[in-house]
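*Asks:* Protein sequences, first through last, are from chains E and L.
As numbered in the UniProt record's numbering, residues 1 to 94 make up the first sequence, in order.
As numbered in the UniProt record's numbering, residues 1 to 141 make up the second sequence, in order.
To be clear, the hints were calculated from the coordinates, so they are not data collected in a lab.
A virtual CB, placed ideally from N, CA and C, is assigned to each residue, including glycine.
One should not assume that every hint holds.
Unchecked claim - Reference listing, derived: stretches of chain L covered by chain E, where coverage requires no fewer than 3 residues with Cβ under 8 Å from a Cβ of chain E:
#, region
1, 18 to 32
2, 46 to 53
3, 81 to 89
Below are the chains, spelled out letter by letter.
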Amino acid sequence: MLEIVIRIALFCCSLAMLGLIYRVIKGPTVPDRVIALDAIGVNLVAITALISIVLKSHAFLEVILLIGILAFIGTVAFAKYLEKGVIIERERNR
Amino acid sequence: MMKINNIILETSIKVLLFIIVLYSVYIFTAGHYYPGGGFIGGLMTAGALVLLLITYDIKTVAKILPFNYRILTAIGLLFAIGTSAGSILFNVPFLTHAFTHVDVPILGELSLHTATLFDLGVYFVVVGVTMTIIQTIGEDE
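Construct the entire structure; sequences and hints are all you get.
*Replies:* Structure representation (structure tokens):
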């Protein structure tokens, strides 16, 4: 029973990922693409969790947290680039 | 240009930074029995420092953490070479590691391994090299 439910959930996550990839390719503006990439990261977390249930292993639980942190850092860096034009400033309040 | 006030990012960083650093230390220390180790732990620590660099700027971060990352890389290499060459003193081949079980009062039985010191060297080298690359790229205009 759980097996079937997990397969269905994986299928739904893949469909959501396809929709997000459509938004990454088609997205008219750059922020659309950044948001879509951030959501792809969250989707990847869900898929990793489901796969680790399928494989009956807890070796991927570190990967889940890792993807979350990396997606956050990437999104923040991109947001700062879009807003200010630089990611790492030399000195603030110039 | 008007000064941009990013108070949400600065406040959330104060909580998130400690979680990320704690997680990287966990991944570093659990590397012997679980996935992880010096490389990914060092990369996560460097990621936390990059988050600090994104939130603030290079001068502020240099004031918070007055490290020279090139010296950190050198210290890491010294750790790796030192633990490798230390085995020569005990008349065993280069890079031979030793371990022992120690009874610590509160923590119970610990297995102390000299490979951890080698891993600490890897950790320092990864943090130092990553931060040197990012700071060097970020500093030029």
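*Asks:* If a hint holds in the structure, say so; if it doesn't, say that too.
*Replies:* Hint-by-hint comparison with the structure:
1. 18 to 32: holds (count 3)
2. 46 to 53: holds (count 4)
3. 81 to 89: violated (count 0)
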